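J.: For reference, the chains in residue letters:
Protein chains: 2
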Amino acid sequence: MTDDIGAFVPGPRVRIEGRPGGSLQGLTFAAKDLFDVAGVPTGGGNHDWPTGRPVPTRHAWAVQTLLDAGATLIGKTITDEVSLGILGENAFDGTPVNVRAPGRVPGGSSSGSAAAVAAGLCDTALGTDTGGSVRVPSSFCGLYGIRPTHGRLDVTGMLPQAPTSDTTGWFARDAETFARVSSVLLGEAIPVALPGKLPSKLIVAVDAFGFADANVAEALQPMVKRLAALVGSSRDEVMAPQGLSVWARAQRTLQPSEAYITFRDWLDKGNPRFAFSVAKALVMGSMIAESDRVWANLMRQEVRARMKYLLPAGTILCLPTTPFPAPLCGQPLSVLDPLRDRITCLCAHGGLAGFPQVNLPGATTVDGLPVGLSIIGPRGSDAGLVAVARALEGKV
Amino acid sequence: MTDDIGAFVPGPRVRIEGRPGGSLQGLTFAAKDLFDVAGVPTGGGNHDWPTGRPVPTRHAWAVQTLLDAGATLIGKTITDEVSLGILGENAFDGTPVNVRAPGRVPGGSSSGSAAAVAAGLCDTALGTDTGGSVRVPSSFCGLYGIRPTHGRLDVTGMLPQAPTSDTTGWFARDAETFARVSSVLLGEAIPVALPGKLPSKLIVAVDAFGFADANVAEALQPMVKRLAALVGSSRDEVMAPQGLSVWARAQRTLQPSEAYITFRDWLDKGNPRFAFSVAKALVMGSMIAESDRVWANLMRQEVRARMKYLLPAGTILCLPTTPFPAPLCGQPLSVLDPLRDRITCLCAHGGLAGFPQVNLPGATTVDGLPVGLSIIGPRGSDAGLVAVARALEGKV
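If you read the protein sequences in the order shown, they are chains A and B.
First residue of the first sequence: 1, per the numbering used here; consecutive thereafter.
First residue of the second sequence: 1, per the numbering used here; consecutive thereafter.
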């Protein structure tokens with residue numbers, strides 16, 4: 001298989017056939033290079049990460065689960081360095097091409113996984129989502145993507161970043177494939193859209209829609225209307241009464257300081273090479289005051305309480321996944337940094353509260369760029385969100 | 001010529017014959033990869049520095065001056081990334097071998113230049129010294145090395161770091177070669193050691209000797225005695241009444257913030273790759289408060305006043321160039337950072353005050369590791385310091 005979009009890690013392409021007879025037989029998948037594949041060094045998107053580390057002898061849980069279900073692994077994909085990035089520009093391995101938005105970033109950090117699925121190089125792909133790393137590329141590349149309930153999936157063999165926020169995730173181009181893969185990884189059947197099986201209440205997060213670019217909010221309106229029609233009722237609510245930017249501040253306090261703790265021994269002993277922006281994130285993470293962390297943990301409790309209050313069983317919430325479509329490639333950090341900050345305002349709830357979230361593709365701006373609508377449900381309602389995605393596509 | 005010590009930059013070796021008939025005819029030299037050589041990209045010790053920059057069409061002033069005097073350029077040498085480093089471990093190009101202290105760093109940032117001269121691969125080599133980048137490798141590799149009076153030499157074609165501290169410098173194994181090269185680059189004859197031509201007063205910087213490791217101070221005592229005998233008188237003085245660590249603090253405030261200003265446009269537009277320690281230095285430089293800079297500039301005035309007071313015409317001051325010999329290669333940052341901080345305490349006066357300084361080799365610790373004794377004179381007395389070096393070696 002050719003790969004002229006730069007989605008796969010350089011070097012020989014790994015291929016492992018799925019076990020015959022499983023529910024995913026016939027499907028192909030790729031794994032972000034944070035997931036262990038036995039016999040292949042895990043690159044982590046950074047050329048110094050593999051140095052001195054043993055080559056994995058077992059597949060990561062998610063890889064093994066897909067192989068056991070019959071899907072065939074066809075490669076490992078480029079990621080932002082040690083998953084620290086949200087745009088998908090890797091200074092070592094390059095920027096995977098976003099076929100849905102040429103000249104624009106694929107989003108990160110699961111950049112290669114999203115790009116490969118969007119380009120049709122595989123049917124599904126594993127990613128990880130700590131601060132938006134599946135949700136953002138799903139939105140930018142026009143894909144289904146899920147950040148499952150935090151703590152639900154076994155993360156054995158997945159390179160950690162900030163464990164209290166880290167999740168496994170995956171992408172697909174169509175709802176049916178998305179549902180098949182989700183059923184396997186969630187270990188649960190995806191309900192069919194019979195009365196009583198789908199959520200009955202939809203909350204529209206008006207603060208998040210107000211925060212997104214006007215053309216994005218507008219582009220998502222038809223999908224919101226269809227969603228409301230499917231669910232049967234809809235009401236407007238502020239998602240973050242404390243402020244989306246306050247939630248983002250808490251996330252930008254907890255995640256980088258946790259990431260620094262994850263990597264500090266490696267930084268100390270290996271003095272590894274990073275793009276300046278990645279090193280800067282780690283340095284900033286190392287300097288966060290304990291008093292700020294104390295506050296951020298209290299805010300995290302408030303966020304969890306708010307999400308729980310908003311989302312009793314049978315209710316889902318929708319918001320724009322990203323405030324804008326994919327930015328242009330190769331822009332200066334002084335342009336990108338404020339964009340990253342705005343993305344965090346719409347993504348912070350994921351890492352803070354750990355509620356499951358699915359990105360629904362289909363909408364585009366007037367320029368034809370994909371933008372995603374996200375639905376969030378109560379903890380554990382992952383399969384229900386996938387069911388909504390499938391019902392909305394009109395498949396079941 | 002082979003280069004099994006990793007002193008030269010990877011790739012084809014540049015060679016430019018010197019102009020016949022000059023005073024340096026027969027000598028070979030190397031240039032730190034911060035100096036432009038026409039037709040050769042200037043690497044700056046960082047793989048992303050040359051990207052998008054024009055290949056130089058002229059030699060740097062120092063390179064041209066040595067070529068005009070008859071010396072032959074035989075290569076460009078490895079440097080710490082954009083001269084930000086004092087130990088000589090480059091994560092991209094490796095660590096040049098210090099033949100005088102196997103298994104130990106050569107010192108930086110003029111690492112390859114010092115290593116190449118120490119190994120006999122060339123007679124002299126150009127370096128730069130902002131915070132110690134010639135003085136430290138001179139000490140660690142057992143070489144003559146000079147940091148000239150700041151502002152004296154033309155720095156055209158030399159990659160800047162912190163211009164108010166940056167100087168050109170050079171290395172040699174023996175005092176006679178050192179004097180020949182110094183005469184050309186200083187544009188001034190090196191005085192012979194007749195009565196009245198050498199300094200008549202020696203100050204021993206007791207705070208600096210007290211700050212160095214005891215075995216280093218001890219190893220340097222015989223040379224201090226010979227120096228006192230040569231000069232004819234000696235007295236003990238505190239060099240830094242405000243504290244060597246206070247001088248270091250001022251330097252660590254001014255130099256990184258100036259370096260950040262030098263490189264910030266590149267960081268913004270290029271998001272270049274760095275070793276973590278280098279990126280961290282730049283990030284820290286970006287965050288220095290204006291109030292701290294104001295203080296550091298006042299302290300710089302105090303340092304200049306103190307050095308001027310200590311060093312009237314005819315007086316020189318001696319101190320250990322480094323507080324210890326070359327550290328082992330490959331140590332964690334948590335070990336190296338405190339070593340760097342201690343080095344700065346003995347080097348900060350150079351960047352702050354800009355007085356000329358020459359490292360005298362010859363002493364070794366009981367383990368056989370080179371350690372250097374530095375002499376400092378009044379501004380403009382560079383040739384006199386070189387004359388002292390030559391006289392002390394017993395050549396003139």
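If you're looking for bench data, these hints aren't it; they were derived computationally from the structure.
Here the structure is a predicted model, which is why all the values come from computation and not from measurement.
Treat the hints loosely; a few may be bogus.
Quick list of the computed label-pair ranges, beta carbon to beta carbon [claimed, not checked]:
| no. | chain 1 | residue 1 | chain 2 | residue 2 | range |
| --- | --- | --- | --- | --- | --- |
| 1 | A | Glu237 | B | Trp295 | 34 to 42 Å |
| 2 | A | Thr156 | B | Pro10 | 51 to 59 Å |
| 3 | B | Trp295 | A | Arg264 | 29 to 37 Å |
| 4 | A | Arg264 | B | Ser233 | 36 to 44 Å |
| 5 | B | Arg264 | A | Pro102 | 55 to 63 Å |
| 6 | B | Lys269 | A | Ala214 | 37 to 45 Å |
Some chain B residues close to chain A (C-beta under 8 Å, calculated; not the full set) [claimed, not checked]:
| no. | residue |
| --- | --- |
| 7 | Glu176 |
| 8 | Ala229 |
| 9 | Lys269 |
| 10 | Arg273 |
| 11 | Phe274 |
| 12 | Ser277 |
| 13 | Ala279 |
| 14 | Leu298 |
Heads up, the beta-carbon is just placed ideally off N, CA and C, and yes, glycines get one too.
J.: Give a verdict on every hint.
T.: Do the hints match the structure? See the list:
1. At roughly 51 Å, the beta-carbon separation of Glu237(A) and Trp295(B) lies outside the given 34 to 42 Å, and the hint is violated.
2. Checked against the hint of 51 to 59 Å, the pair Thr156(A) and Pro10(B) fails, with Cβ atoms roughly 40 Å apart.
3. Taking 29 to 37 Å as the suggested C-beta distance range, the pair Trp295(B) and Arg264(A) conforms, at roughly 31 Å.
4. Separated by about 53 Å at the C-beta atoms, Arg264(A) and Ser233(B) break the suggested range of 36 to 44 Å.
5. For the hinted restraint 55 to 63 Å between Arg264(B) and Pro102(A), the CB-CB distance of approximately 31 Å leaves it violated.
6. Here the CB-CB span from Lys269(B) to Ala214(A) is close to 29 Å, at odds with the stated 37 to 45 Å.
7. Checking Glu176(B) against chain A: minimum C-beta separation of about 39 Å lies over 8 Å; hint violated.
8. Given hint, Ala229(B) at the interface with chain A, is violated; its Cβ is 45 Å from that chain's nearest Cβ, farther than 8 Å.
9. For Lys269(B), the interface hint holds, since its Cβ comes within 8 Å of a Cβ in chain A; the closest pair sits about 5 Å apart.
10. Hint status for Arg273(B): holds, given a least beta-carbon distance of 5 Å to chain A, under 8 Å.
11. The beta carbon of Phe274(B) is positioned within 8 Å of a beta carbon in chain A (closest approach about 6 Å), and the interface hint is therefore held.
12. Annotation: Ser277(B) was flagged as interfacial toward chain A, and the flag holds, the nearest CB pair being 5 Å apart, inside 8 Å.
13. For Ala279(B), the shortest C-beta to C-beta distance to chain A is roughly 3 Å, which falls under 8 Å, so the interface hint holds.
14. Contact between Leu298(B) and chain A, as hinted, is not supported at the beta carbon level, the nearest pair being about 26 Å apart and thus beyond 8 Å.
Checked against the numbered hints given earlier, this structure breaks hints 1, 2, 4, 5, 6, 7, 8 and 14; the rest are met.
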